[in-house]
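Per the working numbering, numbering of the sequence shown is gapless, rising by one per residue and ending at 146.
Be a bit skeptical, because a hint or two may be false.
Listed below are the simulated EDC-like cross-link pairs for lysine to aspartate or glutamate, each with C-alpha atoms no more than 20 Å apart in a straight line [as the list claims (entries may be wrong)]:
1. Lys21 - Asp40
2. Lys21 - Glu85
3. Lys20 - Asp40
4. Lys30 - Glu85
5. Lys61 - Asp116
6. Lys127 - Asp116
7. Lys30 - Asp40
8. Lys20 - Asp32
9. Lys45 - Asp6
10. Lys61 - Asp32
11. Lys17 - Asp6
12. Lys124 - Asp40
13. Lys35 - Glu85
14. Lys35 - Glu59
15. Lys61 - Asp40
16. Lys13 - Asp25
17. Lys20 - Glu39
18. Lys1 - Asp25
19. Lys13 - Asp32
20. Lys(-6) - Asp6
21. Lys(-6) - Asp25
22. Lys119 - Asp32
23. Lys35 - Asp8
24. Lys10 - Glu39
25. Lys20 - Asp6
26. Lys35 - Asp6
27. Lys30 - Glu59
28. Lys61 - Asp6
29. Lys124 - Glu66
30. Lys1 - Glu39
31. Lys61 - Asp25
32. Lys10 - Asp32
33. Lys1 - Glu59
34. Lys133 - Glu85
35. Lys10 - Glu85
36. Lys61 - Glu39
37. Lys86 - Asp116
38. Lys86 - Glu39
These are computed hints drawn from the structure, not numbers from a lab.
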Amino acid sequence: MLKQLFPTTKITGIDIDTKIIKIALKPIKKTNTDISICKYDGGKLPFEDNHFNKIICCLVFCNLTINEKKNYLNEIYRILQMGGNFYICDFGYEKNKTKRVVFKLIRGLTPLRSLLDESEVQFYDLMKNSSFKHIKYIDSVKTITGTLYYYTSIK
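Build out the structure end to end from the sequences listed, making use of the hints.
Shown next, in the form of structure tokens:
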């Protein structure tokens, strides 16, 4: 869909999970769309410094520990061009007490570690500590599984 909206834009997707990459590649191959997908090992992102002018990160941080989040944000900062935009959409601190209790009860049954272990850590603080500037909270959407938060920032 992004490629349809911006057909001349070069799009690169990354994921740590080979199964997810295979799923993502199916519609790309089916439609012969010019989008590259690469596997990420969880360490250094496989791109040179200042490589991208925009980075969109969706539903990634909810699968990371606090230290992994910090490292990943530092890597995003490294590969983002000066003046480049960073957009994030992810589950964050759950304000609803009932949902927080449910998350604690299912702690061992879900990969959403950030919601369960470091839910009080806000994206804003993490991004600020990674040197991002002009960090803006855009919106939040309550879902049945938690609250999605939208932020944007500039390097």
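How the hints compare with the structure:
1. Lys21 - Asp40: violated (32 Å)
2. Lys21 - Glu85: Outside the cut-off at roughly 38 Å; violated.
3. Lys20 - Asp40: violated (29 Å)
4. Lys30 - Glu85: Measuring from Cα to Cα gives roughly 30 Å; hence the hint is violated.
5. Lys61 - Asp116: holds (10 Å)
6. Lys127 - Asp116: holds (11 Å)
7. Lys30 - Asp40: holds (18 Å)
8. Lys20 - Asp32: With Cα atoms ~23 Å apart, lysine 20 and aspartate 32 exceed 20 Å; violated.
9. Lys45 - Asp6: Holds, at roughly 17 Å.
10. Lys61 - Asp32: holds (16 Å)
11. Lys17 - Asp6: holds (15 Å)
12. Lys124 - Asp40: Cα-Cα ~18 Å, so holds.
13. Lys35 - Glu85: violated (30 Å)
14. Lys35 - Glu59: Judged against 20 Å, a Cα distance of about 11 Å means the pair holds.
15. Lys61 - Asp40: Between lysine 61 and aspartate 40 the Cα gap is close to 17 Å, so the pair holds against 20 Å.
16. Lys13 - Asp25: Given that 20 Å is the threshold and the Cα spacing comes to 16 Å, the pair holds.
17. Lys20 - Glu39: Outside the cut-off at roughly 26 Å; violated.
18. Lys1 - Asp25: holds (8 Å)
19. Lys13 - Asp32: Answer holds: lysine 13 to aspartate 32 is near 16 Å, not above 20 Å.
20. Lys(-6) - Asp6: Holds, at roughly 18 Å.
21. Lys(-6) - Asp25: Judged against 20 Å, a Cα distance of about 8 Å means the pair holds.
22. Lys119 - Asp32: The given pair, whose Cα atoms are some 25 Å apart, is violated under the 20 Å limit.
23. Lys35 - Asp8: holds (16 Å)
24. Lys10 - Glu39: violated (26 Å)
25. Lys20 - Asp6: holds (17 Å)
26. Lys35 - Asp6: Roughly 13 Å separates the two Cα atoms, so the pair holds.
27. Lys30 - Glu59: holds (17 Å)
28. Lys61 - Asp6: holds (17 Å)
29. Lys124 - Glu66: Holds. Lysine 124 to glutamate 66 sits at ~15 Å (cutoff 20 Å).
30. Lys1 - Glu39: holds (16 Å)
31. Lys61 - Asp25: violated (31 Å)
32. Lys10 - Asp32: holds (14 Å)
33. Lys1 - Glu59: The given pair, whose Cα atoms are some 27 Å apart, is violated under the 20 Å limit.
34. Lys133 - Glu85: Satisfied, since the Cα-Cα distance of roughly 9 Å is no more than 20 Å.
35. Lys10 - Glu85: With Cα atoms ~29 Å apart, lysine 10 and glutamate 85 exceed 20 Å; violated.
36. Lys61 - Glu39: Roughly 19 Å between the alpha carbons, so the hint for lysine 61 and glutamate 39 holds.
37. Lys86 - Asp116: holds (17 Å)
38. Lys86 - Glu39: violated (38 Å)
When the structure is compared with the earlier hints, violations turn up for hints 1, 2, 3, 4, 8, 13, 17, 22, 24, 31, 33, 35 and 38 and for no others.
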